[in-house]
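Line by line, the protein sequences are chains A and B.
Position 112 of the first sequence, counted from 1, bears residue number 112 in our numbering, the numbering being contiguous throughout.
Position 43 of the second sequence, counted from 1, bears residue number 43 in our numbering, the numbering being contiguous throughout.
Mixed in with the good hints, there may be bad ones.
Stated by the list, open to error - Below, a list of computed lysine-lysine pairs in the DSBU-like style, where the Cα atoms sit at most 30 angstroms apart:
#, chain 1, residue 1, chain 2, residue 2
1, A, K16, B, K95
2, B, K57, A, K38
3, B, K95, B, K57
4, A, K38, A, K3
5, B, K11, B, K57
6, A, K70, A, K3
7, B, K57, A, K3
8, B, K95, A, K3
9, A, K38, B, K11
10, A, K38, A, K16
11, A, K70, B, K11
12, A, K70, A, K38
As the list claims (entries may be wrong) - Quick look at which bits of chain B chain A covers, simulated, 3 or more residues with Cβ under 8 angstroms:
#, region
13, 18 to 30
14, 103 to 109
As the list claims (entries may be wrong) - Label pairs and their computed distance ranges (CB to CB):
#, chain 1, residue 1, chain 2, residue 2, range
15, B, Q18, A, N67, 42 to 52 angstroms
16, A, D29, B, D73, 23 to 33 angstroms
17, A, T97, B, T5, 28 to 38 angstroms
Calculated directly from the structure, the hints in this document are not laboratory data.
Virtual Cβ for every residue (Gly too), placed ideally from N, Cα, C.
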Amino acid sequence: AQKVTQAQTEISVVEKEDVTLDCVYETRDTTYYLFWYKQPPSGELVFLIRRNSFDEQNEISGRYSWNFQKSTSSFNFTITASQVVDSAVYFCALWETSGSRLTFGEGTQLTVNP
Amino acid sequence: DAEITQSPRHKITETGRQVTLACHQTWNHNNMFWYRQDLGHGLRLIHYSYGVQDTNKGEVSDGYSVSRSNTEDLPLTLESAASSQTSVYFCATSKGLAGQETQYFGPGTRLLVL
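Whole structure, please, built from the sequences with the hints as guidance.
See the structure below:
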């Protein structure tokens, strides 16, 4: 079973729409960390957020927000009023203390059309 | 400004040749990682190091080796390149004594093995 599942392979929206990218993870650790990265068409990986397993507060940063729910093992990412520049592949990742490695989901390709 | 550089950015080689990909960081981070990115697999960990003289195998280490002789560099060597190693390779670093801190990625190296 995959440790990090991003069920949405591709999402296409029109500019100014809100969009939510789903991330479901699997772990037996009580201490773990979750991350989101953005990979724009230029190819670099850009860090967006890091959240530890003891902090379930939702986070908002400008148009970006994250909803962490341990009860459903989910760490979803919402972009409000999407823009063309948000077009990218977004990766969710899990760090488990037991595994000592960062495990990535397969990514969601987001295309924002003008 | 501190940064992570990878060289070369693009490389074409032939099957059976030895290839070394360089990763250099000026963050002074203890931890360094090598990933490969392939369609349908997200990013997968090849090798990692938590400090000088420390190296560890990741999820897909067969056919690759690393050595860590100083803090700044973690070169990745493909002992005998195979077509299956055609991929985009990313180096990453993080601070701290283990790997749970945020990983920051280099720009990547595109490797084509013919």
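Q. Against the structure shown, which of the earlier numbered hints fail to hold, in ascending order?
A. 1, 11 and 13
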